[in-house]
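Given the coordinates of chain X, work out where chain U should sit on it, guided by the hints.
The listed protein sequences derive, respectively, from chains X and U. Sequential numbering of the first sequence, starting at 1, is according to the numbering used here. Sequential numbering of the second sequence, starting at 114, is according to the numbering used here.
Please keep in mind that the hints were generated in silico from the structure rather than gathered at the bench. Where hints are given, some of them may not hold.
So the derived label-pair ranges between C-beta atoms look like this [unchecked claim]:
(1) P9(X) with G129(U): 32 to 38 Å
(2) M11(X) with G210(U): 29 to 35 Å
(3) E15(X) with S170(U): 29 to 35 Å
(4) T18(X) with P219(U): 47 to 53 Å
(5) N67(X) with G154(U): 24 to 30 Å
(6) A153(U) with K55(X): 46 to 52 Å
Partial chain X-side listing against chain U, Cβ under 8 Å, derived [what the hints assert, rightly or not]:
(7) Y33
(8) R43
(9) L47
(10) I49
(11) Q51
(12) K55
(13) F64
(14) F68
(15) A95
(16) Y99
(17) K100
(18) Y101
(19) F103
(20) G104
(21) T105
Every residue gets a Cβ at the ideal spot worked out from N, C-alpha and C, and that includes glycine.
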Amino acid sequence: AQTVTQSQPEMSVQEAETVTLSCTYDTSENNYYLFWYKQPPSRQMILVIRQEAYKQQNATENRFSVNFQKAAKSFSLKISDSQLGDTAMYFCALASGTYKYIFGTGTRLKVLA
Amino acid sequence: SQTIHQWPATLVQPVGSPLSLECTVEGTSNPNLYWYRQAAGRGLQLLFYSVGIGQISSEVPQNLSASRPQDRQFILSSKKLLLSDSGFYLCAWSVLGGLETQYFGPGTRLLVL
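Just chain X, with the same shape it has in the complex (with noise of 0.2 Å):
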């Protein structure tokens, strides 16, 4: 069976401080992606990083990035320098061998000022 697990239901950061989320997650597949996505207090989805298993490099945007360990599989994400916006729930989601995604339970951060 196909997990995702975020350990971590609730987080807090002073901005402009650097702040990681954790993800593991299993999975038989070889060929899957990864995914971080945020939901704000509007409640939409957006996506933020992304990471193929095939590559070994760990994705970057801007200032958020993964740690992606294949071997432990673990894909961690790491927020820099944040700030009041990244206030959210964000999800770690795993797609592999089908059309459906398996999405953790979220995990709360909360930026303060």
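Only chain U this time, still in chain X's reference frame:
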């Protein structure tokens, strides 16, 4: 560029009433389309996906159904709503294929009383 629309944005319905939620995508052809439900404070659950007109796959047995009458239109329906149908419903699209990024609409908040 591609955009995805959902309506209504908010809906309050009595138990036993019918339901129709609509999702349309602009700026792309032959998309994969998805319906998700998000219960309060929880992750996303895939309800239905479609790879073409009239082609619907159901992930979770329930009193909901989906239809795709046009290439870029996806409808979620129910003949009789249950209290447990309350939640936040998200439509998403992706480029035709398996491991593709999904892009989400703004969602519909459904409250069944």
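Hint check:
1. The hinted range of 32 to 38 Å is satisfied by P9(X) and G129(U), whose Cβ atoms lie roughly 35 Å apart.
2. Checked against the hint of 29 to 35 Å, the C-beta distance between M11(X) and G210(U) comes to roughly 34 Å, which is consistent with it.
3. Under the hint 29 to 35 Å, the C-beta atoms of E15(X) and S170(U), about 44 Å apart, miss the expected range.
4. Between T18(X) and P219(U) the Cβ separation comes to about 30 Å, which falls outside the hinted range of 47 to 53 Å.
5. Separation of N67(X) from G154(U) is about 27 Å and conforms to the stated range, judged on CB atoms against 24 to 30 Å.
6. The supplied range of 46 to 52 Å is broken by A153(U) and K55(X), whose beta-carbon atoms lie about 36 Å from each other.
7. The beta carbon of Y33(X) is positioned within 8 Å of a beta carbon in chain U (closest approach about 5 Å), and the interface hint is therefore held.
8. Hint status for R43(X) relative to chain U: holds, with the closest Cβ pair at about 5 Å, below 8 Å.
9. Using the Cβ-Cβ criterion of 8 Å, the hint placing L47(X) at the interface with chain U is satisfied: the shortest such distance is roughly 6 Å.
10. Taking 8 Å as the C-beta contact cut-off toward chain U, the hint placing I49(X) at the interface is violated, the least distance being around 10 Å.
11. For the restraint placing Q51(X) at the interface with chain U, the shortest Cβ-Cβ distance is roughly 11 Å, beyond the 8 Å limit, so the hint is violated.
12. A cut of 8 Å between beta carbons decides the hint on K55(X): the least distance to chain U is about 13 Å, and the hint is violated.
13. Given the 8 Å rule on beta carbons, the hint for F64(X) is violated: about 15 Å separates it from the nearest Cβ of chain U.
14. Interface restraint check for F68(X): the shortest CB-CB distance to chain U comes to about 15 Å, outside 8 Å, so the restraint is violated.
15. Restraint check, A95(X) versus chain U: the minimum CB separation of about 5 Å is within 8 Å; hint holds.
16. Because the beta carbon of Y99(X) sits about 5 Å from the nearest beta carbon in chain U, less than 8 Å, this interface hint is met.
17. Taking 8 Å as the C-beta cut-off, the interface hint given for K100(X) holds, the closest approach to chain U being about 6 Å.
18. At its closest, the beta carbon of Y101(X) sits 6 Å from a beta carbon of chain U; the interface hint therefore holds under the 8 Å criterion.
19. Residue-level restraint check for F103(X) holds (minimum Cβ-Cβ distance to chain U is 4 Å; threshold 8 Å).
20. A hinted interface residue such as G104(X) counts as satisfied when its beta carbon comes closer than 8 Å to some beta carbon of chain U; here the least separation is about 6 Å, so the hint holds.
21. Interface restraint check: T105(X) against chain U, minimum CB-CB distance 5 Å, threshold 8 Å, status holds.
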